[in-house]
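The task is simple: from the sequences and hints, build the whole structure.
Protein chains in written order, with the numbering used here: chain Y, -12 to 334; chain C, -12 to 334; chain X, -12 to 334; chain L, -12 to 334.
In case anyone wonders, no lab produced these hints; they're calculated from the structure.
Warning: the hint list may mix true and false statements.
The list treats identical chains as one, so a pair stands whether inside a single copy or across any two.
Below, computed lysine to any residue pairings styled on SDA-like, alpha-carbon distance capped at 20 Å [said to hold, decoys possible]:
id, residue 1, residue 2
1, Lys176, Gly268
2, Lys176, Ser23
3, Lys239, Arg178
4, Lys239, Gly158
4 protein chains.
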Amino acid sequence: MIRAAVVGATGYTGAELGRLLAAHPEAELVALVGHSTAGEPVAEVLPSLRGLVEGEVRAYDAATIAEEADAVFCALPHGASAPKVAELRGAGLRVFDLSADFRLSDLDVYRRWYGEHGAPDLFGRAAYGLPELHREAIRGADLVAVPGCFPTASVLPVAPLLREGLVEVEGPIVVDAKTGASGAGRAAKPRTHLPETAEGIRAYAIAGRHRHTPEIEQELSRLADAEVRVIFSPHLVPMTRGILATVYLRPKAGADAARCVEAARAFYEGSPSVHVLDADGNPDTLWVRGSNRAHLSYTADERSGWIVAQGAIDNLVKGAAGQAVQCLNLRFGLDEGTGLRQPATWP
Amino acid sequence: MIRAAVVGATGYTGAELGRLLAAHPEAELVALVGHSTAGEPVAEVLPSLRGLVEGEVRAYDAATIAEEADAVFCALPHGASAPKVAELRGAGLRVFDLSADFRLSDLDVYRRWYGEHGAPDLFGRAAYGLPELHREAIRGADLVAVPGCFPTASVLPVAPLLREGLVEVEGPIVVDAKTGASGAGRAAKPRTHLPETAEGIRAYAIAGRHRHTPEIEQELSRLADAEVRVIFSPHLVPMTRGILATVYLRPKAGADAARCVEAARAFYEGSPSVHVLDADGNPDTLWVRGSNRAHLSYTADERSGWIVAQGAIDNLVKGAAGQAVQCLNLRFGLDEGTGLRQPATWP
Amino acid sequence: MIRAAVVGATGYTGAELGRLLAAHPEAELVALVGHSTAGEPVAEVLPSLRGLVEGEVRAYDAATIAEEADAVFCALPHGASAPKVAELRGAGLRVFDLSADFRLSDLDVYRRWYGEHGAPDLFGRAAYGLPELHREAIRGADLVAVPGCFPTASVLPVAPLLREGLVEVEGPIVVDAKTGASGAGRAAKPRTHLPETAEGIRAYAIAGRHRHTPEIEQELSRLADAEVRVIFSPHLVPMTRGILATVYLRPKAGADAARCVEAARAFYEGSPSVHVLDADGNPDTLWVRGSNRAHLSYTADERSGWIVAQGAIDNLVKGAAGQAVQCLNLRFGLDEGTGLRQPATWP
Amino acid sequence: MIRAAVVGATGYTGAELGRLLAAHPEAELVALVGHSTAGEPVAEVLPSLRGLVEGEVRAYDAATIAEEADAVFCALPHGASAPKVAELRGAGLRVFDLSADFRLSDLDVYRRWYGEHGAPDLFGRAAYGLPELHREAIRGADLVAVPGCFPTASVLPVAPLLREGLVEVEGPIVVDAKTGASGAGRAAKPRTHLPETAEGIRAYAIAGRHRHTPEIEQELSRLADAEVRVIFSPHLVPMTRGILATVYLRPKAGADAARCVEAARAFYEGSPSVHVLDADGNPDTLWVRGSNRAHLSYTADERSGWIVAQGAIDNLVKGAAGQAVQCLNLRFGLDEGTGLRQPATWP
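Printed below as a string of structure tokens:
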């Protein structure tokens, strides 16, 4: 039994990790660690875990965690995460970091988007935790940087097309993304206040202003073996969970929807979390809500030939907690889908 | 391994049974049986089961089901269910019926609310599938009538108070219930059309006009050993899942909130699905969304002393599919909570 | 032309007053006054008023307001409102106060629920601004205390029944109320954070713990000429606007639904904002969303005879800004419905 | 006073026309005409008009309408509309048709997307009712084809850029549109059934499969004086009202966001319905909900220079009923904004 702790447990990712580990046959949750909520009953802080996780939210202490756990999920804000990750690694724990602190490979890029790094010695030494692209690296890594929710939804549909050379890499790739409000985290803010959110849609941080932009470009560039540029535009949708990325790509000759579907199915053969719809399908984030699944689809514009690729995930599961567990499975030699096969809670 | 089939599988209950059985360690889903969708791929009909349940929706044939399955969940509309239940019982299957056809004990009452009964010989021979109240009967029953969603949410908070004699049974008990739209089923209707539902709340079938009224009264009267009358008023809330029943009760002397909490905790001792909040708590249906849990609470009105009891469930899980699996567990000698302990998908 | 200013203008009530005054043929908005947003463009603070109200939010100065305006709507929090109201009255303005500071008639009751009063000399000298009940008093008042949203929705359906003696006044009256999230105001709070609100329903401050309780009792007691007690239980519904009050009442002999409808139609004869549905109708808050209307209905429980009375309003219009304008109309000798006849924005 | 009738009045457009005409100082609603609901009380069919529009929905009769009305809004489905429009024109009425039947200028294109035309003699003789682009034509037209909701939201932000030559016209223009569910009409359908819509987002009819595609291309091509191709991809958002079009455009040299804002402000000078936000703003459909306004914005992608243009409208107002009234104003010599200045019902 893999003993796992969660640091920064009192946000939505903590609740999801608690839920997923409860259903995991080979891993168990041994501690939920928080800061401002330390000492409060778990049932009060994470109401869904009432009756499942007894006791209180614990205060952070790396040594204690190392005694009780083999692995730790670190769900702290970027910036705050890096020093804690360094401590937890120093205490011998395998760390699955859900912040942005170890996702990028270029420290200058990190600094430009996030400021100074809190553990520069560790920077660049994590595996990027998108299992479908970095399975082997994750199996051997003691530090895994679990990807952001937007990069997961955006990279998955595009990866097979770049790998197979089905689309152009020159000229920007347009990624129009739509997310539910839980991606903004648990803290109440005006932009997620229900009266100003429930009956409207709006973009934010569009056109390259969102911090997930460099992460998407990094992964797409790796796949294309060339510098890829995206125009990334997220939109806030009046719902709690789900991300839909709609990606507009210029095809190379012969790349129609059927060819894209074929390439994607080959690429994701053996990946339990990814399902490729038939050509011209339209995935619905509701179909994956609460699950670790990604639904992908490909449609060709009849006249221009452009490819519209779509990826749908639950931002808190395949975009965060579920993907972290998927990485843990790989790192500990388990089947990647262990404990993660449950379908969406639909409708 | 208990082999289970679902008849009438292509509604929301079918999707939920597929989800719950996928996570069940001792039961497996062997067939999804539908009528209008027979022959269609399961992945098209129930999109959340894509990648989990292969193959097609099957046409109904009692003999074939009996060969492949030990138990069948029957999720047909009332009226249509009874004759099929009779056939499936005749074929030797244990049947868990989610319709209203076998929930009532008085055939005249059934006829008044639903019309002629389709299998009167079987009427009155089912166990009422509310495990917290009828555990022993369910263990021995070959036909279980799984309760309605409103009766589950309404009876659970009131049961301990009636059993312990904490509240008056004379004078009607007011049950003001609020439900998400999935309770109306999968068929698109004007009253669940998003534009006319998403930004409004309204009552329907209030003041004793809803068919769940006699079922609530039957169970409360059994508990009180006296005729109990309820004024039952359901409201449609702009959300997908969840029922909150707010019940107004006149206390007997000495019955304050703390006493009610104490009685409820004693009553539900050993019931894995029921959690009783501390006095004056307010359960949120979101806290149980996607789970088989019920959260109950008790508050006293300061001046009048009246007790406000609340029950929150997910109408599709503890109010339907999950409760049916809970009954199957009991019938097949398993721990009641097998496969049902997963917490809510919160937020 | 009546010149009106709004103090405390940067919340939802301010936006609604801006909207309603823009459509008002006899009144005009001359100033929006705020504190933390003073100096910011109105178009940034209240985005719906872009292109309609030029200029900036103004800082508070009673003398300046008195120069420019005849009347002022005061939309400050309770406690903060009273001293400002006293100043504005002192400067000669007619004041329509939307806070709770002048709604109650008993200073001790005020203190118990809200603490010390900020202008005790003025306490008890306001007209209670529910036009359908206090039309004459409002016509002659220089200070009008505009009622709370819950009291408006709760009192309107019950008033005719008490006035006509159709229901018992002994024993508590159960008021089960459901509100949209805008009633909580503009400040972002955990309890209105979309992810924890959008897919759940919960009660709060039930059983006499909500500050609108004494206001409801005050008005019902006036009508009954006897002390009336309510059990008031509000619920938060995942929508932006709307209140539905479902009220459970014990009838006196002969009081069926038809008789209640008849009494209500007589009572509200000539009231342009109130519509009484036919017996057994169920009002939907969506039908009044954005309008100053109240829809009322009456249903009898078949067996017990109890009356279920319902009232549906938009909490920001008939429950706040619209009602304030209705009072202004009366005070300035206009037809009560001037500028307020526009229907709901449906769907 | 302009006397106006509505044919096909019992959908959402009918309700909105009723609401807007009630607030219009120079026009009045004289008849609501329906087919399946003829003879039913208006208050039952369009619940928001209770107390505002007395009487019943009328059966269709062109001669009667011509006696009572000067103008008619025709809100019938495409295909059904053309023959009725021909009759109403024949009876001498000015017709504002909200269907697609007279929007296109090329009959072959119409046939490809909609089938045979029901009044080919009239085809091509309507003014395209987007006032900001065709003001003069509308002033002189007896038949106005009111644009679709998606074309309105998509064309408004792009028009100034094409007119000023700020963006390339070669290569497709990507239009990623997001709409609320009321755009699907009043008939209940599975795709707008709340349980399958409220907590998910999905695309539909993407990549040139939606019937509004040729209408968008027609208008953009007119503006560019060159053939413009769009990749149009609509998405269904879990809300009732609102369209946000996010448009991705390749700039010509010198075309940054500030230049686009400047061009748009010049282009829409004197247009009361259009507001251009400052550079890098993000409009929210909630800010225009219930109003006839369009909010436009322009942002440049820092590295690629591409322009992201956005347009936000209420699909039922500026995308349908409000725009039709705007056309009526022009046709009858009124100021274009008469009766249409009211702001959004926000929040």
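The hints, checked one at a time:
no.: 1; hint: Lys176 to Gly268; verdict: between (35 Å within a copy, 19 Å between copies)
no.: 2; hint: Lys176 to Ser23; verdict: both (18 Å within a copy, 17 Å between copies)
no.: 3; hint: Lys239 to Arg178; verdict: neither (40 Å within a copy, 34 Å between copies)
no.: 4; hint: Lys239 to Gly158; verdict: both (13 Å within a copy, 14 Å between copies)
In summary, the one numbered hint that this structure violates is 3.
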